[in-house]
Each structure stands twice: as C-alpha cells, then as structure tokens.
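Protein chains in written order, with the numbering used here: chain F, 1 to 44; chain W, 45 to 342.
Everything hinted at is true.
In the DSS-like style, the derived pairs of lysine-lysine whose C-alpha atoms are separated by at most 25 Å in a straight line are:
# : chain 1 : residue 1 : chain 2 : residue 2
1 : W       : Lys313    : W       : Lys50
2 : F       : Lys2      : W       : Lys267
3 : F       : Lys34     : W       : Lys71
4 : W       : Lys285    : W       : Lys313
5 : W       : Lys313    : W       : Lys267
6 : W       : Lys288    : W       : Lys50
Source of the hints: derived by calculation from the structure; they are not laboratory data.
These are the residues of each chain, in order.
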Amino acid sequence: MKRRLPFILLAVSLLFMVLGLVSGDFRAVLEKAKTVCLECIGIG
Amino acid sequence: MELQKKRRWYQAVAAVAFNAYLPGFFKGGIYRGTPKGLCVPVFNCYSCPSALGACPIGSLQNAMASVRLNLSLARRQFGLYVIGFLGVVGSAVGRLPCGWICPFGFFQELLFKIPSPKFGVPRVLRYFKYVFLAVLTILLPLLVLDALGGGEPWFCKWVCPAGTLEAGIPLALLNTSIRGQLGLLFAWKTAVLAGFLVWMVFVMRPFCRTTCPLGAILGLFNKISLWRMTVDEETCTLCGKCQKECPVGISVNETPNSPDCIRCLKCEKVCPFGSIGHEFPGRKPRASAAPSPQEVHP
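Use the sequences and the hints to build the structure in full.
Now the structure itself:
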C-alpha cells in the first residue's frame, strides 16, 4: 500500500487538475495573475 | 560538473526562466499573456514585473477567498486546479523544487554567503509554517469575507516578503500611479521584508524553514513522494557529517525524508561511505561513489 500511495495521490491530483480546468479554475487563476495584486505589493 | 555547482546553475537558470518577461521592468507593468495562468512549482510572486507564471500560494489564497462567493453564485470553482497542481508536484518530487529551482530560496542562499556569524533555527519555529499555511493561506481567506462575499489573500497582504521584494518595490519604483497609493500597509510589508533580509544573512533559508506555506505543503509529501531520499543502514556509521552539512539541520540518517528537507543533496555528497542516496520508480537507488566503512576502517 505504501508503495502505491504516491501513485494514487498523483492520479487523484491529476483528476483534480482536470476537473479544475473543466470548471474554469484556470481562467480564474489567469484573471488574478494578470492583474497587479494590490495585496502582494502592499496597497491592500 | 560537481553536484552543488550544478544545483547553483539550476537555481540561476530557473530564476531567469520564471522571470523572463524583461519588458515588465521597462513598462512598470506585469506580463498578461495566457501562460500566466499556469502555476509554477516555486515561490515567485505573480505581480513581479517579469513573472511568467502564477504563484501557487497566491492562487490558492484567491481560490479559497472566492469559494463561498462562487457557491452563492452556483459556480463550480473550488480551486481544484491549484490543489491538484500542488498534489501533482508534491506526490512526484516533494520539496525537490525548493532546493533546486525556487528563486526565493536561491536568493536566501546568496544572502547567507555574506560573511557573518551563523545561527540555527529553534525547533519550535519550524512548525510556524504550518500555522501560516492553515490560518493565513486557507482559513482566513475562506472565512473572513467582505460585504460582497469575497475574501482576501491574507498571507500575501500581511506577510509575504517575496511579494514586497519582487513586486512591491519594483512596481513602486517604476510606476508613479502605484507609488502614489502606497501607505501604512506598504511600510509594514517593507519592515517584514527588512526583518527577513537581516535574518537571511545569519540563518540559512529562514523563510523556507519557518514561514513558507508552499514548503509546508510540499514537505508533507516528502515521506510518500515518488522521488525519495534513501539511507543504507548497513553502511551508515552515524558519523553525523550529513547533519552537520545539512542547510536545514536535519538528522538525515534518522529522517531522510523529513518534511523540512529541501532535497539539495548536500548530505549525499558529504557522506564518506556513500550511504545516502535517492531513488525514483524505474531508476535504481543512486548514491555517491564512496568507500564502504570496511574499506575505510578495515
């Protein structure tokens, strides 16, 4: 089981990524990433 | 090429590769192309003028901050892309990116080269990164909402020294409209950055060891990831050279896959008996070619 665990986690994570991509998460990340993050730079 | 020299090259090339949009420094703005939506497996602020990808910790906070708003609007966006990305990196290689390609880790290692007295990190501080992860990166963005139902990226806003260094200061210098809006929060963040910069001179990678939420997440995978450190207990003499050389002070022979290990492989290089190595499925365990204890002490 211990040897299989990373493979299972990898498969589940890949599934999460695909589901996220399908549901529009990538677009949400892109929208945030291409806007200057006011919190990051200290304006708030 | 000697392994640590090779690692330096990886770190330098990665720092440039993740920040290759140089026009940003002339325009005083940031890169806005579609690849910016791709998360990078390192701590690199996406508001840095030259950043090409998305910081996974900033993205995770923003995903958490919008979960409840998305639920109320019946949108099915729960941050699965970012969570899945972190899971893929973690379950494949654990904290390997911290030691080999993280620009902020590289920056800390360079500052540590400044001649000065050197110190360790009290053990209790190592657990603080999990508090920063759980409270500032996940819970507060998820639970504290404004009037419109959205949360804030608390770690980015109140702590992240990489954001101040890579984005805040460059944009303040390059962009007059941003410079005009700076206030107390920027002063606070600059003070946090200054504190870390001083700490980095005296302590190896203090941010990675005590604060980094990305390191905290990837470190949780170290024990179970496909890429793993190995110790041959038959040849290990418990001489302690590995722990002495380890930049994050791990007892390598006891916990080779400790959550704090950044997998820089310095221990592998210094082991006089070649007892420390690493493995990956499909490849035989690899260790440095060193004599066995019997050969050294016949």
